[in-house]
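Student: Using the sequences and the hints, build the whole thing.
The lines below spell out each chain.
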Amino acid sequence: MSLKGKVFKYGSHVDTDAIIPARHLNLLEPADLAKHCMEDIDADFIGKVKNGDIIVADINFGCGSSREHAPVAIKASGISCVIAKSFARIFFRNAINIGLPLLECEEAADNIKAGDTVEVDLASGAITNLSSGKTFSAKAYPEFMMQIVQAGGLVEYTKKKLSGAK
Amino acid sequence: MTLSEKILAAHCGKASVGPGDFLNVRTDLVLSNDITAPIAIREFERLGVAKVFDPGKIVMVPDHFCPNKDIQSAEQAKMMREFARKHKLVYFEVGQMGIEHVILPEKGLALPGEVVVGADSHTCTYGALGAFATGMGSTDIAIAMATGEIWMKVPPTIKFVFHGQPGKWVGGKDLILYLIGDIGVDGALYSALEFHGEAVDKLGMDGRFTMSNMAIEAGGKAGLFHVDAKTRSYLKDRTSRKYTEYRPDPDAAYARVIEYDVAKIEPQVAFPHLPSNTKPISKVGDIAIDQVVIGSCTNGRMDDLRLAAKVLKGRKVDPHLRCIILPGSQQVYLDALKEGIIETFIRAGAAVSTPTCGPCLGGYMGILAAGERCVSTTNRNFVGRMGHVKSEVYLANPAVAAASAIAGRIAGPQEIK
Numbered sequence: 000m001s002l003k004g005k006v007f008k009y010g011s012h013v014d015t016d017a018i019i020p021a022r023h024l025n026l027l028e029p030a031d032l033a034k035h036c037m038e039d040i041d042a043d044f045i046g047k048v049k050n051g052d053i054i055v056a057d058i059n060f061g062c063g064s065s066r067e068h069a070p071v072a073i074k075a076s077g078i079s080c081v082i083a084k085s086f087a088r089i090f091f092r093n094a095i096n097i098g099l100p101l102l103e104c105e106e107a108a109d110n111i112k113a114g115d116t117v118e119v120d121l122a123s124g125a126i127t128n129l130s131s132g133k134t135f136s137a138k139a140y141p142e143f144m145m146q147i148v149q150a151g152g153l154v155e156y157t158k159k160k161l162s163g164a165k
Numbered sequence: 000m001t002l003s004e005k006i007l008a009a010h011c012g013k014a015s016v017g018p019g020d021f022l023n024v025r026t027d028l029v030l031s032n033d034i035t036a037p038i039a040i041r042e043f044e045r046l047g048v049a050k051v052f053d054p055g056k057i058v059m060v061p062d063h064f065c066p067n068k069d070i071q072s073a074e075q076a077k078m079m080r081e082f083a084r085k086h087k088l089v090y091f092e093v094g095q096m097g098i099e100h101v102i103l104p105e106k107g108l109a110l111p112g113e114v115v116v117g118a119d120s121h122t123c124t125y126g127a128l129g130a131f132a133t134g135m136g137s138t139d140i141a142i143a144m145a146t147g148e149i150w151m152k153v154p155p156t157i158k159f160v161f162h163g164q165p166g167k168w169v170g171g172k173d174l175i176l177y178l179i180g181d182i183g184v185d186g187a188l189y190s191a192l193e194f195h196g197e198a199v200d201k202l203g204m205d206g207r208f209t210m211s212n213m214a215i216e217a218g219g220k221a222g223l224f225h226v227d228a229k230t231r232s233y234l235k236d237r238t239s240r241k242y243t244e245y246r247p248d249p250d251a252a253y254a255r256v257i258e259y260d261v262a263k264i265e266p267q268v269a270f271p272h273l274p275s276n277t278k279p280i281s282k283v284g285d286i287a288i289d290q291v292v293i294g295s296c297t298n299g300r301m302d303d304l305r306l307a308a309k310v311l312k313g314r315k316v317d318p319h320l321r322c323i324i325l326p327g328s329q330q331v332y333l334d335a336l337k338e339g340i341i342e343t344f345i346r347a348g349a350a351v352s353t354p355t356c357g358p359c360l361g362g363y364m365g366i367l368a369a370g371e372r373c374v375s376t377t378n379r380n381f382v383g384r385m386g387h388v389k390s391e392v393y394l395a396n397p398a399v400a401a402a403s404a405i406a407g408r409i410a411g412p413q414e415i416k
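Here the protein sequences come in this chain order: A and B.
Note that numbering that gives the first Met the number 0 numbers the first sequence so that position 21 is 20, with each residue one more than the last.
Note that numbering that gives the first Met the number 0 numbers the second sequence so that position 36 is 35, with each residue one more than the last.
One thing to keep in mind: the hints can contain errors.
[To be verified] When the alpha-carbon atoms are kept at most 20 Å apart in a straight line, the in silico DMTMM-like pairs for lysine to aspartate or glutamate are as follows: (1) K389(B) / E118(A); (2) K158(A) / D53(B); (3) K49(A) / E118(A); (4) K389(B) / E28(A); (5) K160(A) / E105(B); (6) K106(B) / D53(B); (7) K241(B) / E105(B); (8) K160(A) / D53(B); (9) K158(A) / E44(B); (10) K138(A) / D120(A); (11) K68(B) / E28(A).
No lab work stands behind these hints, which were simulated from the structure alone.
Since the model is a prediction, treat every value here as computed from it, not as a measurement.
Tutor: So, in structure tokens, the structure goes:
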């Protein structure tokens, strides 16, 4: 699966209150949550983001609360994947569980600028900055996690397991 | 093996586990609240499972936006209440409820040696009891509700040893803020923290809950204490269930060992906008404030309120600011009433609220306007955490918060005459 889009670039420790402020956690529908995605740190994000676009950030992306609303809001805004140097633990689980691909890659985070066009091949972890021509390679998912991703998320993975399908 | 490794091994039927192993772990308690349960319920229903694995092991607490702050919150709370009733889950209605991480230990629902998972990042609080407790998202919790199991990667463990005798106004909040200031908000990313040393042995249970609670603020997966006489005495009248006390092996493999001399640690204040942005109280300078919040899953227990009352007794809150105090549970509220603490607060000019997470996450009951500053005993000071993006939150212990309420600026309790 290949993903391609323009880059929104953020710094370190982008927390879940920045991704979706808690005052909006009384909303449940992904489309409603998406309307407020990133609004406190980047008021232009929602007006500019297009389907397929990519977020690139520094370390510890998604730190803070366990709210699954955070990856849900990002995914529903049209973002196709997030590339960062590292991710906070709960955010990482949540994103995998709901089918928002994440890629860990220091070099990509250092060498991709806001507005660049980037292409990502999820199967191989290859990241190509089409604006600069540079390519990078993300850390591969552990096999166990790859099974969840391939099943289409944790619910589908568990459904298969519960029905006895191997 | 470390404490975490021993508990996880016992919950997946293995003799031994190590960092990086993927396990399917049996869960003893599965928690969610009024903002995370609705998504979990949807995912649970998508699974097509008729029943939860064990209704007595699934807890739902309406604490974040409850008593309902608006219509949308009321709808979410209703969805949770109806699901909890239908499946006969452990559920605490407004009037009995408190902040989830205050009432679960209080009611003996989380015990040493158990694996507790919760759709709330501060689920790590129960590590104070010697449980492996960790926060997850709603989909994970849906799976745990259905199957009683969840996948986990065994975290590496960092051992923290606190030596020495703490100063008069230094408590669990200061030790954990100091630790986070030292290693950073991702200093323990994906790791379990294990707390050791004579300084934490001397801490009461409430101080230990505060420390385990904020393990997540260092990026940690869990923050554990081993069981001692204080833990046993805390649990004595709260549960009749049997529990297992684990201890780390003397030769357990730690990713790092970090040691602190607590005699050198002053009360800490975490400046905006990260919990790691800490300064000792003597280096804070003159910072005027508009609000003080005392409470939350971090500092909403009896020892916290006693500490605040000690400072506020016979004094007045600066009339230019609002001081809002939220006991963490109905039991804490009642105990504080009996000890005369609530009267102390009200006479000092503080507002006392029914238990709720409300202001901590900018929900309600104390939202900040643009440019306002708040000293808070809560756990996060991210941009916009308690209201307007241009507001600021300073994290501190309850004595510093109370002293600041009197002084009208950030102040240590030793400054209050």
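Student: Each hint needs a verdict: does it hold in this structure or not?
Tutor: Hint check results:
no., hint, in the structure
1, K389(B) / E118(A), "violated, 36 Å"
2, K158(A) / D53(B), "holds, 18 Å"
3, K49(A) / E118(A), "holds, 15 Å"
4, K389(B) / E28(A), "violated, 28 Å"
5, K160(A) / E105(B), "violated, 36 Å"
6, K106(B) / D53(B), "holds, 18 Å"
7, K241(B) / E105(B), "holds, 16 Å"
8, K160(A) / D53(B), "holds, 19 Å"
9, K158(A) / E44(B), "holds, 11 Å"
10, K138(A) / D120(A), "holds, 12 Å"
11, K68(B) / E28(A), "holds, 19 Å"
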